[in-house]
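Protein chains in written order, with our numbering: chain A, 64 to 563; chain B, 131 to 221; chain C, 207 to 310.
Read the hints as simulated data drawn from the structure, not as lab findings. Each residue gets a CB set at the ideal place from its N, CA and C atoms; glycine is no exception. Keep in mind that the hints are not guaranteed to be accurate.
[To be verified] Here are some, though not all, of the chain A residues that point toward chain B, as calculated from beta-carbon distances under 7 Å:
1) Val438
2) Met456
3) Gly472
4) Trp475
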Amino acid sequence: MALLERSEWYDLARTTNWTPKYATEDELYPADMSDPYGISTEEWETFDEPYKVTFREYVAVQREKDTGAYSVKTALQHSDYYDVADPAYLSMLKMHYGAIALSEYAACQPDARTARFSKAPGMRNMGLFAFLDEMRHGQIQLWFPHALVRKDRQFDWAHEAQHSNNWAVLSGRHLMDDVMMTRDVPTCAIMLSFAFETGLTNVQLVGLSEDAAKVGDHTFSNLITSIQSDEARHAQIGTPVIEIMVRNGKKAEAQQALDIAFWRVWRVFAILTGVPMDYQFPLEKRAMSFKEYMHEFVITQFQRQILDVGLDRPWYWDHFLDDVENHHHCQQCGIWSWRQTVWWNPTAGVGPREREWLEEKYPGWNASFGTYWDVVIDNILNGRDELAWGDSMTAVCNMCQIPISHRPGPEWRARAHQLDYEGRRYSFCTPVCKWIFGTDPVRYKDHHSIVDRMYSGEIEPPTFDNILKYMGCGEVSEGGRDAHDYAWIEAYRTQPQAAE
Amino acid sequence: MAVNSTPILCRFQYDCHIRLFDVDQADDMDAVAAKCAAHIVGRQVASQPDKILRVRRTTDDDNAPPFPRDMTVEAAELTRFEQLDVYFDVA
Amino acid sequence: MSDAPDSGGIGDMAGPVLRGGEIAQAVIEAVHTDNPDKEIVISDHTTYVRVEAEGGCIIRRDTMEEVLGRPFRMPELEVNLTAFSGQIETNDDYTRFYLKKDRV
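Based on the provided sequences and hints, a complete structural model is requested.
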């Protein structure tokens, strides 16, 4: 075939900026959509996408990816895998699909905004591909769980969750609204493409697929790595934007965008990824701990990239490293104790052998988190099921919307970091979430957390049962119970000393 | 929520989470501690039957003096979402 | 946290992370041919293979074709490229992974 090689025509085909006659440049590319930083169009035109794809290549490659993912699903659809799978594993799938499927669909919007409003022609192309990618991710992650609804009604949350006011959904929605739905094009490129997609989706999609393959779910394993191969490409929108901003004296602004988004995404993704890896997967199927994945993909790989594009590590790096040791363990305590508030069946994951593993991976786990589970285990062992549930509300962070928590036991580190602003008291989980609020209080001040809604009249009266109803638990379909109906406790009857 | 009650944040010793409770203006500090403990002790934090519970304001240095046990919420002037430490002490 | 006390603790490795399979195996073979002076570090996990070299590495189309024994276009790499460390440069004839501070 006498086709020209891509490099022979790509630069010319990409040169699509023109001089507008019927509108001014500012009308065509309003600052609050296209560039609030005032960088010249000539500078934006230097945007050179590092990961080049033509439309023809895009269609061919995406077709191959879809064929792969769907054919694995088709080949395995008559297997009884999901009938015999460990309930804790199914819980991970329910959590994943409910949290992710429609969020990916929502990501079409910022990507389409990039395709329309970026002043850089190459970036507009990449935005278009990213938009199509996210549409695929939304659709495929609804289609796969749809087949499972008839086996287990909780899979209907794959579609319903994002239409509910479940606390976990409020958290994800606040994050997505902040970093991708309501930001201008270059800021979104840093927050969504760089902080989120370059920084943290690797752990979710590459790491989790490893564990999924080990438990034999090749359908899901294949699906999420297929998705991640799109992310690896369109995440590259961020890098040239940062380099242009740094070169044009806007390093501080780029740094702040990274610092805000990286923390916000981390807070949510630690739950979606850390809890499955360290608690939901059967012990003998775990490839690495969540912390080990974080070190490989983020603390090493992503940090290297942050420095290479000319930015610094976020100012709160020490808080972040501390959070890697604690945050998802705290959320595991809360999610299991308040399991009636989620749409999956959480597993405790704290049998005697699992605790040995946790202590090995997270030295000091037993002396802190272990004290929390000791009380829980003692109640279940002695038939006091009614005490093995949370029965009142926790405080939640006014930024990440996640229950405020920290290491339990002798260290007793949980603490709300508070701030009074215009007569209202805000509570935050960490100094970092409080700092984010301070970067732009007007942006954040009017949001009501689920706790605020208990006192605003939106949840009336604010009884615990009403709160559950408000969150959709028992309304969409049943809220959670222990994934194994306490079967794991038997190991403590034969090994009672392990509960000490 | 009753008009004479106030939501407070409870930082209960050894617990993992910051909790939310409504307390009444007329509650004394023993009553405040008891309301919190009812949802925490024996559920997520081990009981310590030989100890009593004291209440103090949460401060950065963790060194606020405890409120007198018979002081009321009203007298302590606790405000909405005020954060309190509830902790074990010798009887 | 001893793993990353400062920027010096994270090294300067760069390279692709691939889904396990035919293409990953071909890349492993090609990357040795195309980067003869480099020590290539392969971490083979169940579903992904991390291929890295100090400062980065290059994978050439010609070498891939030779290893696979069939025509190969660089964009085909994307189907199996789930992540990478460092930065990327894509071209008709090669894909390069690199760090700015140490261009290969």
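Structure-based check of all given hints:
Look at Val438 (chain A): its Cβ gets to within about 5 Å of chain B, closer than 7 Å, so that hint holds up. Taking 7 Å as the C-beta cut-off, the interface hint given for Met456 (chain A) holds, the closest approach to chain B being about 4 Å. Among the interface hints, the one on Gly472 (chain A) holds; its C-beta lies about 6 Å from the nearest C-beta in chain B, closer than the 7 Å criterion. Look at Trp475 (chain A): its Cβ gets to within about 6 Å of chain B, closer than 7 Å, so that hint holds up.
No hint from the list above goes unmet by this structure.
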